[in-house]
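Order-wise, the sequence lines are chains A and B. Quick note on my numbering: the first sequence kicks off at 1045 and runs consecutively. Quick note on my numbering: the second sequence kicks off at 13 and runs consecutively.
Keep in mind the hints are simulated off the structure, nothing from the lab. Virtual Cβ for every residue (Gly too), placed ideally from N, Cα, C. Be careful, since some hints might not be right.
Among the chain A residues that face chain B by a calculated CB cut under 8 Å, a handful are [what the hints assert, rightly or not]:
{"id": "1", "residue": "R1071"}
{"id": "2", "residue": "G1073"}
{"id": "3", "residue": "F1088"}
{"id": "4", "residue": "R1090"}
{"id": "5", "residue": "T1178"}
{"id": "6", "residue": "R1180"}
{"id": "7", "residue": "L1183"}
{"id": "8", "residue": "G1300"}
{"id": "9", "residue": "D1312"}
{"id": "10", "residue": "R1316"}
{"id": "11", "residue": "P1318"}
{"id": "12", "residue": "M1319"}
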Amino acid sequence: MSSTDLLPGTDPPVTPRLGGLPVPPIRPGQRNLRFFRNELRLTFFRRRNQLLLGVVALFPLLIGIGLKVAAPQGGSGPGGGGGPSGAGQLFNQLAGNGVFLTFIALALLLVLVLPLAVAVISGDSVAGEAGYGTLRYLLAVPAGRTRLLVVKYLAIVVFAVAATFIVTVVALITGIALFPHGPVTLLSGNTVSLADGLWRVLLVTLYTCAAMAAVGAIGLAISTFTEHAIGAIAAITILVVGSEVVDQVPQFAAAGPYLPTHWWAYFDSFLRMPMDTTSIWHGLLSFGVYAAVFFLIAWARFTSADVTS
Amino acid sequence: MTTPAAPAASPASPAPATPAAADLAIASTALTKRFRGGQLAVDHVDLAVPQGSVYGFLGPNGSGKTTTIRMLLGLAYPTSGSAELLGVPMPDHATEVLDKVGSLVEGPAFYPYLSGWDNLARYDAADRSVNPRTAKQRIGTAMERVGLTAAAKKKYRNYSLGMKQRLAIASGLLRPRDLIILDEPTNGLDPQGTREVRALVRQIAADGITVFVSSHLLAEVEQVCTHVGVMRTGRLVFQGPLPELRRTGAARITVHTADAEMAAKVFAKLGLADPAAGAPGVPGDDTITAELGDAAPEVVCAELVHAGVGVRGLAIESPSLEDLFVGLTGEGFDVEH
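Bound-form chain B, shown alone (with noise of 0.2 Å):
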């Protein structure tokens, strides 16, 4: 048994950073793929995906997210590394462990010429350990709990894209499962659609099922994660529960007040780092900003008060998730420790 490495950028994290093995849905070792072209597209991810978590597989498009779920699923071969899924190696065991993995990879694939049932019973005829004789009522529940029944007759070619996404995911339920893998479930959704995906995979989540969601936009995803990794040109910046992410942001203090020049003396005391002027305001009434780093915002204002500065106003701004997630994947930004 492999022992996955730890969470690429989660430093003595608390207890739920990394799991024992057994209790990873998903765990991979410097999972490598490089193209024949010789283009790196995953670069070592060590992927660690607790069971039962809702795990966001965030980067921007060409990262490769993609190609790493296809990895993950037996489509593609690693060129070095390894993946588990469920605790099965892959790719040289996938027909023993896939069967309890759903997955919807890089958008709904189907015959046009197929109704959206017979799509269903078309994939649920290749799988070998389902009762035949359950199909009828398999394919009826999936295609309910997706709000297809009312379409399902008609022609897969004739259906929206929302309702393409929906059945795609609807073959991911046609039996139970412990692992779904959604590889940009909302990619070209109206906020409608993407309301209905995020719903559906709350459910999901809460009957207990690991769901490893993958997406370009963090905000999709951000409300119902509890977990994410975050990737940059085939590497994994950051790797782990959602708060420590919003933990990584820098919280910035900003002082209203007459006396910048002594302001900015006590932010230097007490070594705030990257102090900055704020924008002008009126006159007699300037703001200076700085990291508020370990320091406590009330010996800040307390030190402020101490050394005679007029403090008129003190506010603590954490980065929102969105600024995190762009400053880990754009440009001129490393994370890498």
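So that you can see chain A by itself, here it is in the shape it has in the complex (with noise of 0.2 Å):
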């Protein structure tokens, strides 16, 4: 056995049954990327999924005017001076820098719409097939059980990250249009220059981004073990917020480090000198750690049960 019989699919004998076709070679990579593509286009091109990322892009316009309105120049945030981290230090430091405000839209978009939203997609990603019936064409296509699977995760991912950047970048821009900008002063006091904080800018995005592609691997999972996508949607966001409720309560301390969504706010981290690359790292872990056990759950459900819909 040649090692291109290893991927199912692409043995010789099915080319010539396309019969007077002209057959080129199609690498196997081709035709998973065709089925991948296709994938997003089917996310991206769905006006529901369309209007939801402009309802996420929504968010850091509306909050950044709303500080602008409520905070003039030169006065302190509105958090009065707040906590001594995390969201009200952050609220602090806008006045004086606009890059803040897409700290400020994460950090806030973080605790509900961005989970939210990738919860929608993830919910939907095979329980939205099941409930249209697709579901039992595409595997007697035949797509592939794992395939399938792969697919919809990567596409998954995608949209996440998508949605994540759309908050970075809108706030960005609203916060450089409504906000002085220049050398950035950090959560630590320390003063590092524009290109320094747009790099953490990038490094916390693509942090949120893991937290979220985590999110999407539990949506995953729930969504293989229903056909009403809707109620996979709701189950991923009650989760979400049983997960950040139970965090807040000091009880349950010792339980925190493993919730799915304890690590989150931990971005602040990059806000610092040095950077928190511990806490870093343990977000990372448990975010890798979490949307594999729930690929694995997906997988091993979405292999051995009955399509039925």
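Could you use the hints to bring the two separately framed chains together as a complex?
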């Protein structure tokens, strides 16, 4: 058996079946890419999903305008001194530098809006297909159960990354348009160049993408258990909010680090000098483990369950 | 290689009834599905669908046809037993063989927000063994074949039921196939649509493709089928060539005579089963009927005349296929041998 036979469906006997049509050899990767591109098209051309991204984009704009109106030049932010860390401190920094609007927007949207957007896409991914009945046709094509699941998850990740970057980009443009910009003063008090500040914006955004990719895996897993997309979306949302609530209860502090949402807020580690890399790695490890475990759950369920829709 | 069991209800039938396993497009052995609730949906079904046949898979709603088809396609996993599609075991090797099988399972299912064309492109993109470069040509041909070219750009949600059904058949024709499985392809269609589907099935079969078509109405498939399998509450109660099903129907002889009493005695002497008086007609013209069995009608007639019975009329009536089908699937008739 040659190494090309490892990928199913690429064996030569299949190709001549196309009869009289001229068939130049096609690499298997190309066919998988075609399926993935089609999945992306389906995701990003669907009106509902476009609307979702539009709403996500609207938030940083509104937050920027709102903060501008509430805190005119020079005055201290609406937090009025706020807490020693987190969003309160971020608000204070905004008055001095528009770049901080990206951090504020991500911090605020990370609580519910971004996970909700990812919940809609991931909860719908398998359950939606089952609900339409298209799942049985995809499997009869045959798309391959594992292959379908991988394509679905990759599309979820692309959507999560797109949504997160939309927040960052809209916030950055809004922040620079409405507030002064220049060298960035970090939460630790040090001042870095604007270029360094933008580099940190990118890192924070990527960290948030990783967090959302983990949510996507949880959503994918839940989605394989039902044919009602709305049920899956609700379950993911409850899970996220529940985890955030439990994370706030001091008595459950011991469980905190193991919650799926616990490490989300640690992106302010990027805004200190030196960066708190321990927290960052802990966070990324947590997202990685959640993504891997829930993708495996999704795979175990999806490859063994009857498709009855 | 497993040897599929002989067709369930065809003892000592002529040559084509038990083809070798290699000639079977679909073969199953004691295929069984028990739902989680404990309900036995499919009970030891031994399908034998010869290559090149048009196989009518009949049975009332809820008799286990769709569940059987789902297992054949690897969508559902059997509780026990096994199935082979074109000689390949299912569901373990589903991805190796399903590209040679076009299917319509339990009605059409597409993305309502996509056009008919984009829907076919979606299923085509999922197929890893087709050439992407020929996609346009293949989708166009499939749409043309079912007469949907004009509606290709229309959103699926605006399709009529008949168009949806035809689009589903088109998705089965996106590439050359060896086997087409159609589950209730005429469900919900008007007589016109039913006729169109029947014509399509004929066309497909004329290309030498094996067609496995399920229906709860015999009349819908009777005209196109070469073989039939009849399901009843999860069991395959008949399987074989269509003429063989016809033969299982007991023909009855009806005699018009003034001397019914004497005729009954002749029937008894000849061993005709189930004699019964016909509807009382004009005095002096009674009718009497009985199952003909193996007796030749001319012999019965000669015996009647020999016994001095004045035969005014004699008729042989075979039950229609519909009667046989209802007999097989309806209440109170047990054909399980």
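Evaluation of the provided hints:
no. : hint  : verdict
1   : R1071 : 11 Å, violated
2   : G1073 : 10 Å, violated
3   : F1088 : 13 Å, violated
4   : R1090 : 6 Å, holds
5   : T1178 : 5 Å, holds
6   : R1180 : 5 Å, holds
7   : L1183 : 6 Å, holds
8   : G1300 : 38 Å, violated
9   : D1312 : 40 Å, violated
10  : R1316 : 46 Å, violated
11  : P1318 : 48 Å, violated
12  : M1319 : 43 Å, violated
The structure shown violates the earlier hints numbered 1, 2, 3, 8, 9, 10, 11, 12.
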